[in-house]
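Starting from the known structure of chain G, arrange chain C on it as the hints suggest.
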Amino acid sequence: MSGTLDLRLRIWRQDGPGAPGAFQDVEARGIPADASFLEMLDIVNERLLDEGIEPVTFAHDCREGICGTCGVMINGRAHGPERATATCQLHMRSFADGDEIVVEPFRAASFPVVKDLMVDRQAFDRIIEAGGYISAPTGSAPDANETPVPKEAADFAMDAAACIGCGACVAACPNSAAQLFTAAKLGHLNVLPQGQPERWRRTEALVETMEEFFGSCTNHGECREACPKEISLDFIALLNRDYLKAKVKNRRLAARA
Amino acid sequence: MNAAALDASVPEGPLADKWDNHKFSLDLVNPNNKRRFEVIVVGTGLAGASAAASLAELGYRVKAFTFHDSARRAHSIAAQGGINAAKNYRNDGDSVFRLFYDTIKGGDYRSREANVYRLAQVSANIIDQCAAQGVPFAREYGGLLANRSFGGAQVSRTFYARGQTGQQLLLGAYQALAAQVAAGKVALHTRSDVLDVVVKDGEACGIVVRDLLTGEVRAHRGHAVVLATGGYSNVYYLSTNAMNCNVTAAWRAYRRGAAFANPCYTQIHPTCIPAGDEFQSKLTLMSESLRNDGRIWVPRRMDDARSPETIGDADRYYYLEEKYPSFGNLVPRDVASRNAKTVVDSGMGVGPLRNGVYLDFADVVARDGEQAVREKYGNLFDMYQRITGEDPYRAPMRIYPAVHYTMGGLWVDYNLMTTIPGLFAVGECNFSDHGANRLGASALMQGLADGYFVLPYTIGGYLAPRLGRPPPPADDPVFSEAVAAVADRTRRWLAVGGTRSVDHYHRELGRIVWDHCGMARSRAGLEKALSEIPALREEFRADAKVLGTADGVNQALEKANRVDDFMELAELMAQDALHREESCGGHFRTEHQTPEGEALRDDDNFAYAAAYFWPGPDRPGRLEREPLEFESVTPTRRSYK
Chain G
1 MSGTLDLRLR
11 IWRQDGPGAP
21 GAFQDVEARG
31 IPADASFLEM
41 LDIVNERLLD
51 EGIEPVTFAH
61 DCREGICGTC
71 GVMINGRAHG
81 PERATATCQL
91 HMRSFADGDE
101 IVVEPFRAAS
111 FPVVKDLMVD
121 RQAFDRIIEA
131 GGYISAPTGS
141 APDANETPVP
151 KEAADFAMDA
161 AACIGCGACV
171 AACPNSAAQL
181 FTAAKLGHLN
191 VLPQGQPERW
201 RRTEALVETM
211 EEFFGSCTNH
221 GECREACPKE
231 ISLDFIALLN
241 RDYLKAKVKN
251 RRLAARA
Chain C
258 MNAAALDASV
268 PEGPLADKWD
278 NHKFSLDLVN
288 PNNKRRFEVI
298 VVGTGLAGAS
308 AAASLAELGY
318 RVKAFTFHDS
328 ARRAHSIAAQ
338 GGINAAKNYR
348 NDGDSVFRLF
358 YDTIKGGDYR
368 SREANVYRLA
378 QVSANIIDQC
388 AAQGVPFARE
398 YGGLLANRSF
408 GGAQVSRTFY
418 ARGQTGQQLL
428 LGAYQALAAQ
438 VAAGKVALHT
448 RSDVLDVVVK
458 DGEACGIVVR
468 DLLTGEVRAH
478 RGHAVVLATG
488 GYSNVYYLST
498 NAMNCNVTAA
508 WRAYRRGAAF
518 ANPCYTQIHP
528 TCIPAGDEFQ
538 SKLTLMSESL
548 RNDGRIWVPR
558 RMDDARSPET
568 IGDADRYYYL
578 EEKYPSFGNL
588 VPRDVASRNA
598 KTVVDSGMGV
608 GPLRNGVYLD
618 FADVVARDGE
628 QAVREKYGNL
638 FDMYQRITGE
648 DPYRAPMRIY
658 PAVHYTMGGL
668 WVDYNLMTTI
678 PGLFAVGECN
688 FSDHGANRLG
698 ASALMQGLAD
708 GYFVLPYTIG
718 GYLAPRLGRP
728 PPPADDPVFS
738 EAVAAVADRT
748 RRWLAVGGTR
758 SVDHYHRELG
768 RIVWDHCGMA
778 RSRAGLEKAL
788 SEIPALREEF
798 RADAKVLGTA
808 DGVNQALEKA
818 NRVDDFMELA
828 ELMAQDALHR
838 EESCGGHFRT
848 EHQTPEGEAL
858 RDDDNFAYAA
868 AYFWPGPDRP
878 GRLEREPLEF
888 ESVTPTRRSY
898 K
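Residue numbers (my numbering), protein chains in the order written: chain G, 1 to 257; chain C, 258 to 898.
Okay, chain G solo, but in the shape it has when bound:
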């Protein structure tokens, strides 16, 4: 497919975290339908520069949907209209000539705007640092085949581990909850044999760190709709189940000590 589109963009501009923001209207004419959404922004930025206007800041890197750096709200939807598609993989053929497109940063109290469309998602790193790992100091590992992992468990773990940490789930959630992100990490590590020793400690730590930063889950499922990797809501069910169990088990373990 080829051809071009004339678009009317409303782009959020904001100088910094504390600064007031506002929409800037930009006419984007002659945008190739085969361009990606970010390439469309590149073209817009070249034109803004020509006019002496500072280009729009947006986060991006790999442009193949795996690094999780990019992500904006497009007409109110995290990563835009296509299912299972990160912003960098969204192509302009998904839009029609004459469309108005509203482009905003991901909005959440724990994702402060850095500048324009770029936000700060460090809260996700805090969740992982709380215990989103299996402690295996370098050099201490046994032969990989000494611990068989049932194929179903490996596949299930991989489904969860596919999360790219983009934050669309939080941006899409009416409560700005991070259940899907957190559940994806727990789903990845908690089903593997290697993940069992720290399972209950990990679960409690991740959930409680998550709650320091993010809102509560009320099962809307918007996160799943926005997720570019289609992480399943089933992982949230697992998170809830493991968290209840962890509360009991960890208390018993503490009592024994």
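One or more of the hints may lead you astray.
To be verified - Only pairs whose alpha carbons sit at most 25 Å apart, straight line, appear in this in silico DMTMM-like list of lysine to aspartate or glutamate:
| id | chain 1 | residue 1 | chain 2 | residue 2 |
| --- | --- | --- | --- | --- |
| 1 | C | K802 | G | E27 |
| 2 | G | K151 | C | D639 |
| 3 | G | K151 | C | E632 |
| 4 | C | K457 | C | D670 |
| 5 | C | K344 | G | D155 |
| 6 | C | K598 | C | D772 |
| 7 | C | K598 | C | D859 |
| 8 | G | K151 | C | D625 |
| 9 | G | K151 | C | D349 |
| 10 | C | K802 | G | E51 |
| 11 | C | K344 | G | E152 |
| 12 | C | K344 | G | E146 |
| 13 | C | K802 | G | D50 |
| 14 | C | K802 | G | E46 |
| 15 | C | K442 | G | E208 |
FYI, nobody ran anything at the bench for these hints, they're computed from the structure.
Only chain C this time, still in chain G's reference frame:
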């Protein structure tokens, strides 16, 4: 500098014993003394994250730096296909020596035997380490690890996690790093652009960092500095690298005295989605693992306008299968790429711009069913469809080679130390293991080998004798001078007041380098590049248009420094390509080929690593040679027929 500057410090003894002997002979740092040493690690990809985590586990104080907003976003995450290891789980005759041999041969006999052998030795430990971290490798039904085969090898030794192996390995390393950050052993600095290396009395003692949020420029001190900053494929503008990948930290190290080796060894990956138009910002790779099951062809008749599925076998030219019956579609990357170029250049290309070849899955879909293919390659097929709007289960993919990896990089010795004592380079940013061509699934192996299993030992050998010798104090002028120079250089771009964007000049540079120092190189082309690049650089410096401020987020400003360094690197690449009067691996000089069009090496004159030293501005790099001696293998002409 004299020849001793290139002492590779390869240990004595038989090849198989060198690493063990060396580990035993290295000085050790007492566990309680390790915390007295501060190590700076730049970059948090596979090599950087694994090194930072492992060093912190040992007890060193580590400061890690990345320009990303999170350590998890480094470009290692985009590696798709897999990671090699000499486990011989398939009972098909693999061994450490075979992996070593395949890697040396695949690199066209332009790498250092001892380093490559060590890489093969530690490869098995990597798989153990990653499995223990919870990397969800593909499994057989019995729960044991699965393997796939990859180009350049006749054994099945590649471990994988669907088409997201790099992502899963990086998350493993990132999580190991996160554990050390939480434990207070690693101070992690995100959104921190490393723009210079500080050297005093010939030893690396720190770095200069620009905070990408505030624009503040400051120095960090350390007893040693480890660069894990990846490759320089983005010198071509269009490549499969992420948009922000750059050569700056490595290049600044070069300007401070670190030798840069084999810059002309760049890898063109054979299976990428062909370029579209001017607006295209990057190229997307389709994993080489697809060549396991896909068959590559073009129509025999140049004017064959039929849709591919209606073209019968007799009218299809399966050029790799015909020319290389024993390896077929699994020939190494350089061979596959060059052959694609040959058919496209001869007018046989397919697609609207006639700039691709078919990669066809009809046979495997018919043989194993769509579901089986979906399980193996589902995410790759989805990605292809998303980008092109075409369904590869129904019609063949169109692919074409694209720049993907750079074998060249900072020269390092056996200890992974550059020619600046105390400055180490790991992963893609060093030159060490892949020679003139890297085999598939070997980049992840090398990055993790360096970070988990080599550097943590060798850095101790450097640090041990330096106990009680702190780096220069924070108020030493060596730091303030370096900081001032970086701040000046950065601000200067805002004062240029030019007319064209930084991207414009990057695109122009990419065009020159791709045309003359890409898949095929010639004396005339390289000489042209050497005259065009300096002119472009002058124009860029006088005409770049950067708006905004240096005191906050400014993406164009960040890029200006990077493109400026790419301009200088491009010149060195062309210089190196011109001097290397032979063809080897990814470096193909049209003057040096066999009658069948294969690469023609010249072992008598070019069996060395070319290491360049910074001669000062606007002068050609000063060449020193590290001879490559082969004691365990005999260089032969690579044949994959």
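Results for each hint:
no.	hint	result
1	K802(C) x E27(G)	holds, 22 Å
2	K151(G) x D639(C)	holds, 23 Å
3	K151(G) x E632(C)	holds, 13 Å
4	K457(C) x D670(C)	holds, 21 Å
5	K344(C) x D155(G)	holds, 22 Å
6	K598(C) x D772(C)	holds, 13 Å
7	K598(C) x D859(C)	holds, 23 Å
8	K151(G) x D625(C)	holds, 19 Å
9	K151(G) x D349(C)	holds, 23 Å
10	K802(C) x E51(G)	holds, 11 Å
11	K344(C) x E152(G)	holds, 23 Å
12	K344(C) x E146(G)	holds, 13 Å
13	K802(C) x D50(G)	holds, 9 Å
14	K802(C) x E46(G)	holds, 10 Å
15	K442(C) x E208(G)	holds, 23 Å
In this structure, none of the earlier numbered hints is contradicted; all agree with it.
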